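Novice: Note that the protein sequences, when read in sequence, are chains A and B.
Using this note's numbering, the letters of the first sequence map in sequence onto residues 1 to 240.
Using this note's numbering, the letters of the second sequence map in sequence onto residues 1 to 240.
There could be a bad hint or two in this list.
Taking beta-carbon pairs under 10 Å as the criterion, some of the chain A residues facing chain B (in silico) [stated by the list, open to error]:
no. : residue
1   : Gly53
2   : Ala58
3   : His83
4   : Gly84
5   : Pro87
6   : Arg88
7   : Gln100
8   : Ala104
9   : Glu151
Calculated cross-link-like contacts (lysine to aspartate or glutamate; reagent style EDC-like; alpha-carbon spacing at most 20 Å) [unchecked claim]:
no. : chain 1 : residue 1 : chain 2 : residue 2
10  : B       : Lys82     : A       : Asp125
11  : B       : Lys127    : A       : Asp125
12  : A       : Lys82     : B       : Glu150
13  : A       : Lys82     : B       : Glu90
No wet-lab data here; the hints were simulated from the structure.
Every value quoted in this text rests on a predicted model; they were computed, and no experiment measured them.
Backbone N, C-alpha and C define an ideal beta-carbon position, used for all residues, glycine too.
Number of protein chains: 2
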Amino acid sequence: MKYELYYWPSIPGRGEFVRLALEDVGAPYVDVARVPKRGVDALFPVLGGSLGGARPFAPPVLRAGKLVIAQTANILAYLGPKHGLVPRSEALDLEARQHQLTIADLVAEAHDTHHPIGSSLYYEDQKPESKRRSTAFLDARMPKYLGYFEEVLAANKKSRGKWLVGRDRTYVDLSMFQVIEGLRYAFPKRFGRYSKKIPKLMALSDRVAARPRIAAYAASPRRIAFNEDGIFRHYPELDR
Amino acid sequence: MKYELYYWPSIPGRGEFVRLALEDVGAPYVDVARVPKRGVDALFPVLGGSLGGARPFAPPVLRAGKLVIAQTANILAYLGPKHGLVPRSEALDLEARQHQLTIADLVAEAHDTHHPIGSSLYYEDQKPESKRRSTAFLDARMPKYLGYFEEVLAANKKSRGKWLVGRDRTYVDLSMFQVIEGLRYAFPKRFGRYSKKIPKLMALSDRVAARPRIAAYAASPRRIAFNEDGIFRHYPELDR
Numbered sequence: 001m002k003y004e005l006y007y008w009p010s011i012p013g014r015g016e017f018v019r020l021a022l023e024d025v026g027a028p029y030v031d032v033a034r035v036p037k038r039g040v041d042a043l044f045p046v047l048g049g050s051l052g053g054a055r056p057f058a059p060p061v062l063r064a065g066k067l068v069i070a071q072t073a074n075i076l077a078y079l080g081p082k083h084g085l086v087p088r089s090e091a092l093d094l095e096a097r098q099h100q101l102t103i104a105d106l107v108a109e110a111h112d113t114h115h116p117i118g119s120s121l122y123y124e125d126q127k128p129e130s131k132r133r134s135t136a137f138l139d140a141r142m143p144k145y146l147g148y149f150e151e152v153l154a155a156n157k158k159s160r161g162k163w164l165v166g167r168d169r170t171y172v173d174l175s176m177f178q179v180i181e182g183l184r185y186a187f188p189k190r191f192g193r194y195s196k197k198i199p200k201l202m203a204l205s206d207r208v209a210a211r212p213r214i215a216a217y218a219a220s221p222r223r224i225a226f227n228e229d230g231i232f233r234h235y236p237e238l239d240r
Numbered sequence: 001m002k003y004e005l006y007y008w009p010s011i012p013g014r015g016e017f018v019r020l021a022l023e024d025v026g027a028p029y030v031d032v033a034r035v036p037k038r039g040v041d042a043l044f045p046v047l048g049g050s051l052g053g054a055r056p057f058a059p060p061v062l063r064a065g066k067l068v069i070a071q072t073a074n075i076l077a078y079l080g081p082k083h084g085l086v087p088r089s090e091a092l093d094l095e096a097r098q099h100q101l102t103i104a105d106l107v108a109e110a111h112d113t114h115h116p117i118g119s120s121l122y123y124e125d126q127k128p129e130s131k132r133r134s135t136a137f138l139d140a141r142m143p144k145y146l147g148y149f150e151e152v153l154a155a156n157k158k159s160r161g162k163w164l165v166g167r168d169r170t171y172v173d174l175s176m177f178q179v180i181e182g183l184r185y186a187f188p189k190r191f192g193r194y195s196k197k198i199p200k201l202m203a204l205s206d207r208v209a210a211r212p213r214i215a216a217y218a219a220s221p222r223r224i225a226f227n228e229d230g231i232f233r234h235y236p237e238l239d240r
């Protein structure tokens, strides 16, 4: 069975967390809206609910045989046990789910640095507010989240601080890699300075990047570059 | 076994979604920070990670025997199958998880109407931005979310449009009740007018309120009233 991923074809966005999981385990999948001649129109049936399952509120959506699954953390929690992306332990599965939801909260806040008033408005219509929110994010929220995960990593004796949950890499580590790449892209100055305070997370990110399948994926045209339509956007005026 | 719920003692907040699930099934639990003479200090050990599990980023946290579980949607997904709060079907369990995460997104956006710049600042320090964000929320986001759930409800043939997932009420319905109560409290004028467009969700909410255990809970001192320290706050200047 080939998975079908339904996501916007021009941004890494939330779909990238799913792509990284599928790529890391070499699971066969079609990135439906990126198939030549299909494009974004290919998303409409799934977003309209006509492929079955509960109609999604938004992409990403994963079709796995008869199942049609939306919400990033839900997709990853589904894939985890099927592909060895999470330990076979109820407690550690719950830990992974918990961390993925905290990452989702961080991702939403990173998005809102350029959309503090609303995703229904353009960035250009909320620039002063974006500046204020970015400052609060960079000063308080980003360090709170990443400082927390740095401690979680240090406390994980099972992996000797190499991975966030259990002994081996999980989808949570792959997602953390993407968050770190995104923050580095969006805020090269501020994140560059801050990153010295989270050496274990930075090493984790390097470890993910060096995984053969992830490295091959990153070098392939399948990996979409960060850009100013996505979650992590580089607006120099927001990076002090 | 008695569950232990760790949450702020003075607001409904995200803890309320867990309380409603526990109350609806009559599960024994201690709301630890509300035990006389304990208070908020009772949260520190669990937030410090000393009760086991992955250290939580924030409350609510549920202790279930040896398990220590954080993130609201994760707690509900754990409780669901154990207490008949979700159907015994992989597809419907995934649907419930998906909807709960969409509700979590809506709740975060409702929170940000009074904290668009950052949760590290007071409302008083972000009033003009709150007015703009509330307008965008009430004009675009709230109708988008609730219009979506109204359609999900109408499309659920299994319950004839009575409940969101499967035949019977799930934790998703209990959470939707809380969202509707919260929006009614925060934005009585705007939500009052808008609510006429979502008759099925309003009927669902009435149906939840009429459940004997929920009605008894709502009439008890265990139910914490909405207030201006929580997620759903009534600031008349934000309600047009």
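Novice: Tell me, in ascending order, the numbers of any earlier hints that this structure violates.
Specialist: 3, 4, 5, 6, 10, 12
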